[in-house]
Amino acid sequence: MLTLASREQYTTLLDADTLKIPDDRPAIIYLETNQAPVIVTRSALRRRIHQEAASLVNLGLHPDDLVIIAHTQSLESIYAFWGALAMGAIPSMFPTLTDKLDPDVYMKSMGELVRLSDAAAVLTTDEFAPVLRPLVTAPVFESARLATSSSSSLFVACQPNAANIAFLQHSSGTTGLQKGVALSHAAVLNQIAAYSDAIALREDDVVVSWLPLYHDMGLIAGFILPLVQGVPLVMMSPFDWVSHPALLLRAIHDYAGTLCWLPNFAYNHCAHRIRRRDSQGLSLATMRLFINCSEPVHNSSHQLFLERFRENGVRPEMLGVSYAMAENTFAVTQTTPHCAARVEVIDGKELELNRYAKAANIDAPAAQERVSCGPPITGTELRIMDDSGNIVHDRHVGEIAIRSAYLLSGYYRRPDLQPFDGKGWFLTGDMGFLSDGELFIVGRRKDLIINAGKNVYPADIEMVINQVSGVRAGRTVVFGVADEREGTELLAAVAEVLTEDEAERRAIGRAIRLEVARQTSVTLSYVHLVGPKWLLKTSSGKIARGANRDKWRRETMTIP
Amino acid sequence: MNESTIREILRTYIVRELIRDVSYPLTNEEGIISGGLMDSFSLASLGVFIEEQFDVYIPDPELTVTQMDNLDQIVSRVLQG
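Going down the list, the protein sequences come from chains A and B. My numbering applies: residue 1 is where the first sequence begins, and numbers increase by one. My numbering applies: residue 1001 is where the second sequence begins, and numbers increase by one.
Excised from the complex, chain A in its bound form:
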């Protein structure tokens, strides 16, 4: 296994244990509702990856070429990703096309990514390929062609340099596509060694994941880590899981799962939406860690999950937390395995007025619970800085800055975007405080909403709404609304319209919801139409997101 001690024996991701020892042990078990499980052994996985790699070479691709993977999440997408890696290219997973997304908008967005990143090829499904081909400048290769155009026995892996870029990670939306996070082989291996140490990874661990592979948590924790470490990965499509959440619990029960990463909303989703009869008799007692990551952690979500699944064997010490981001490959911090995450009660008023996390009694009027994200993992330096760049003391809130051996190499082909300061520190844009060496998150500096684990840039959604007929162009605001029941931020939009006719307003409201669903990966939970001059602006003339959220709250809180 890759550990801090054995790190030097691994040069690139091609040294992954699953591929180095190609025997009949299961590498991936792929589950789908109403289908028999598909078990891919290590030897079958290696054979298939080499076949894809040989085909890519045969089709004219070269090492260091950027290859976009635009599949629905499936085994095919995994073969394509590792096939590209094995021949030295740089794969990047693109978000998948969903039922509600407009295929035209999706394909155009793909074309834009290919243009911006100068991709050498797009690997996609047999179904998408003919649609996509006329829309992008790069060659488009479908699964059937990659599976047949060459033999795996002809392939000799191209071992890249450890400092070479291994793959890119993109966030979705217009903003995300413009910043491909480039990670080197060395950075990814450093992260896996350090993170495996932080979670005390064992050879008999079994990772269970429903997470999307275009997101850092799904890509690193729920895909690359188990394959590099040679522990079995039980996976399913996120689209299957959101509609059928019990699938995750059945997977843990059937395959004796031990590790599972979840964004906070997933704890609420499972607790509220798994029917009793679907969870009855399932054992989750094999689990070592459910790791809450990728969006603000609510203690209430942990308690809800614990209460609901206690009868299935969930215990408090299984509920861990990690603070992570794509720019650091994945994890920055991790709570200690086998210990329940620390919860601090702080005075919300003191936090707001003086940016100080003063301990408070749970019964105090402004008391807030904050869940620890744990200490930094080995190899990560973490600082909390004030607005002038000075390091602040324990319990004082500031921006989180990190420095590590697994930070990004840079943003791909964006020399204009410098991620680090002069001393190699990366400013995360997240606000937090340290207490006894553990990190607590309190908010964000950057204009970002995290909805069900997805990073959503409000400007991307506003751009879509501004194009809806009847909306006053440029007079829209989108913001996040914390929702205790869902355990995440829901999305709300306020748009100015001229018409006062109720039927016309209804039609505009419908069109806004529909267009956002068709053109982005999210759904609006609230749409509020208002008359001209409703929106508040800052002194510099920008729409004031926070002030408009407060105004919306005041105006709608009386509506039942």
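Check each hint, because a few of them may be wrong.
What the hints assert, rightly or not - Ranges of calculated distance between the beta carbons of each label pair, as one might list FRET restraints:
hint, chain 1, residue 1, chain 2, residue 2, range
1, A, G531, B, E1051, 38 to 48 Å
2, B, G1031, A, D363, 13 to 23 Å
3, B, M1001, A, G437, 52 to 62 Å
4, B, Q1053, A, E203, 27 to 37 Å
5, B, E1051, A, G313, 16 to 26 Å
6, A, A364, B, Q1080, 19 to 29 Å
7, B, Q1053, A, G313, 21 to 31 Å
8, A, A285, B, V1056, 26 to 36 Å
It is worth saying that the hints were derived from the structure and are not from the lab. Note that the Cβ used here is the ideal one computed from N, Cα and C, for glycine as well.
Starting from the known structure of chain A, arrange chain B on it as the hints suggest.
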């Protein structure tokens, strides 16, 4: 329980809990998920609500966007029992 009662119970639940707008005039054929009114997470909510309210268990393979995208489809599935 007759069809129109089932329909109204479902309509009220969907606009109140899933669309979060009680004044929303949801029609029988309107695509609830494909129309962007709620996300596919809500299919699981519907499954729970239908079991609690009508004692009808809809197995996972039937809880899909294709089969449960509008009120007519949902009512019809509940009536099947």
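inquiry  = Against the range 19 to 29 Å, how does the distance between the Cβ atoms of A364 (chain A) and Q1080 (chain B) compare: consistent or not?
reply    = Violated - the Cβ-Cβ distance for A364 (chain A) and Q1080 (chain B), about 53 Å, lies outside 19 to 29 Å.
ask   = A285 (chain A) and V1056 (chain B), beta-carbon distance inside 26 to 36 Å?
value = Taking Cβ atoms as reference, A285 (chain A) and V1056 (chain B) lie about 31 Å apart, which means the hint holds.
query = Are G1031 (chain B) and D363 (chain A) spaced within 13 to 23 Å by their CB atoms?
reply = 47 Å, violated
query = Could one say that the CB atoms of Q1053 (chain B) and E203 (chain A) fall in the range 27 to 37 Å?
reply = Given about 47 Å between the Cβ atoms, the range is violated.
query = Is the gap between the beta carbons of M1001 (chain B) and G437 (chain A) within 52 to 62 Å?
reply = For M1001 (chain B) and G437 (chain A) the Cβ distance comes to about 59 Å; the hint holds.
inquiry  = A range of 38 to 48 Å was offered for this pair. Does it hold for the Cβ distance of G531 (chain A) and E1051 (chain B)?
reply    = Hint holds: Cβ distance 43 Å, inside 38 to 48 Å.
Range hint compliance [Cβ, E1051 (chain B) to G313 (chain A), 16 to 26 Å] = With Cβ atoms ~24 Å apart, the hint holds.
request  = May I ask you to test the hint 21 to 31 Å on the CB atoms belonging to Q1053 (chain B) and G313 (chain A)?
outcome  = 30 Å, holds
In the structure shown, a violation is registered for the earlier hints numbered 2, 4, 6, in ascending order.
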